[in-house]
Amino acid sequence: MTVLTLATVSRWYGNVVAVNDVTMTIGPGVTGLLGPNGAGKSTLIHMMAGFLSPSSGTVLIDGEQVWRNESIYRLIGLVPEREGMYDVVTGWAFVLANARLHRLPDPEAAARRALDLVEMSDVSGRTIDTYSKGMKQRIKMAAGLVHDPTVLLLDEPFNGMDPRQRLHLMDLLRSMGASGRTVLFSSHILEEVEEIADTIEVMVAGRHAASGDFREIRRLMTERPHQYTVQSSDDRSLAAAVIADGCASAVELVGPSAAPSGRIHQAEPGELRVQASDHGRFVHVLPQLARGSGIRLFQVAPADESLESVFSYLVNR
Amino acid sequence: MNATVAQLTVRTILGRRRALLLLALPVVLLGLSLIVRASVGADSRNEVTVHLLGAFALATLVPLLGLIAGTGAIGPEIDDGSIVYLLAKPVNRHSIVVSKLLVAIAVVSAFGAVPVVVAGLVLDGTTDRLWLGYGLGALVAGIAYSALFLLLAVLTRNAVVVGLIYALVWETVIGSFVPGAQALSIQQWSLAITRVVVGKRAQALDITASVRPQIAIPLLIVVTVGATVYAGNRLRSLRLTGDE
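Order-wise, the sequence lines are chains A and B. Numbering of the first sequence is given in my numbering, commencing with residue 1 and proceeding in unit increments. Numbering of the second sequence is given in my numbering, commencing with residue 318 and proceeding in unit increments.
Extracted from the complex, chain B is given alone in its bound form:
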């Protein structure tokens, strides 16, 4: 972990209007939660909570935040060439990646996991532990998405497009038609965590995951650690060219 790299990354991610963009998504979630809380009766509130936190928070909000934070932690610096000021230093490349990843995770937690917890509490209180299940699911998904999309930003200049295709097309569209595709889905892995936390009530509340937690947890770790290590290796060989 390098504090200077982390500070510069915070300024890059939260600089200019990107912070507003990041803020928009949780504001929508919390706004919807308040509306649902006010308009839906107590007997069906937990069903609506599962639907809103599953379909909106875990399926859309967290992947998008992971994409913005993960690619934003390093992509703009590679694009405009300012990464050269980090790389022209006797600093371990893995430490640069880890510092940037921690910032991205902090951003996804603050703008994703924490609002999911708050939304869960607003919608359903503490009885079904949905706030904790989805909050933890959002946190682990945010970590894995951040690592994966940070790696993508090191590998390709089109990281945002590739990331969107993965998060929205692969996980959402293809996953709903091809059951096998769901096994390779961060969203499904995080839902497996949510199911574990919610416990026996998960079945009744129709919280489903395509993979078992015994598989989901190792896969989350492998993807997060693997993407981080590989990003560090690729950063060692990152080729920078001039305008020629």
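In isolation and in its complexed conformation, chain A is listed as follows:
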């Protein structure tokens, strides 16, 4: 049972703050580190793995400093995001070298076990430069698992894997978490994290945006106000109808239709931006409100379905 503790950790490069005052505890089980690209996930994982010193704050593993402490690698298995490996050696030689570097009592047996675990035994005689991206990912996994670590840190482990390999890795991580190991993996894909993580840590723009049980965070994400852009034959009247109904908390007229409707130029349509407070009701009543007011709907589109906007909402709550 190994615990990773980050206390008020920040990391900056010159004037750029990559990780800003993050405090979190990663315990046994599978934890998903979720956030859009550039959120600071890799920086955080590199600090947890002892490959980057925090500019301030502390990173501890079972109470021991991680930075400049080689002995922690008996506990940690790392699967980096970068693909650089010893391309000219075979998969077998690479995993065996990792086992030997850990000074395992029976490195050959450990390498065989790790290769079996990631289903790479059959092709382990080929040099790494002949592997596909998914195969390289699995060889990296084998190298990270060869010493049976109690902490496994994986940076975007599902990149480049096909659906079958992805399911296999998910099963593997789940079983490692269930056996009491501390597994942390980063991802920018919500569904991956949802599939396997017991707990989730959300990073946005270097800040720790949310933490805890996945279902709770998922609920927050689902219940957040949704924004829509609407184009219609009379945006102003439609805005009034939507506000009167109460399904929206705010509306905004943008562009030419902000002028009285009779003077709208056909070639330059404006748009109505609606912040729906009750997302389910809004999509249900909008067509009815339009029809009741004799307004034609040209386009209704969600404006903020990107992951970034979901994360931003969590940060600003």
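Because the hints were derived from the structure by calculation, they are not lab data. Here a beta-carbon is modelled for each residue, glycine too, at the ideal position from N, C-alpha and C.
Quick partial rundown of chain A residues pointing at chain B, CB under 10 Å, derived from the structure: (1) 49; (2) 50; (3) 52; (4) 74; (5) 87; (6) 97; (7) 143; (8) 144.
Chain B: place on chain A using the hints.
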């Protein structure tokens, strides 16, 4: 010394086409030696030997091999991130550096010092001990260059460029115009060793070195040991970042 680190380093240095590149330089030296042997008369052969082994072998071949082997022992792994597989292990960082340095020294010896010895024997036989003087000079220079350039590869991603500037611009160009610069030159330190080995005939054969051996030997040791220890320290604090 860690045998696994050394094995991986051998594969990295000699992998792909780098081995051919390493082989090209000694082949040129040996080819030139054979041509000179066949075309130059016996009376002036030792002068030509001094010129070829001094100006080509010690001034160009050994520094270039040291640069390729020293930076190649660790630079590509830092560049592509594969060094993480060595560093994410409970292995002493100094032992990683020493293992890599020994491989680099073995490469420079095999492709540099040994061909210099062979070239010396082909060119001048054993009478003036030029084969031994230049061979030993090439060996100690190769060791010092390897340590220095390995350190450079840990310190900067531009190690090859900085190394080339040192080896070719500082030692060769600046050294020939600014006498003081020659005192800080691995090439000159190794020539001091060559002079000692060749002995009294060194003066007559015009083998010159800017520093005395009493200074050159400690400087060679300080540079080699200092660079190795410092590289180990820097490797402990090597910062690896992701693609973000």
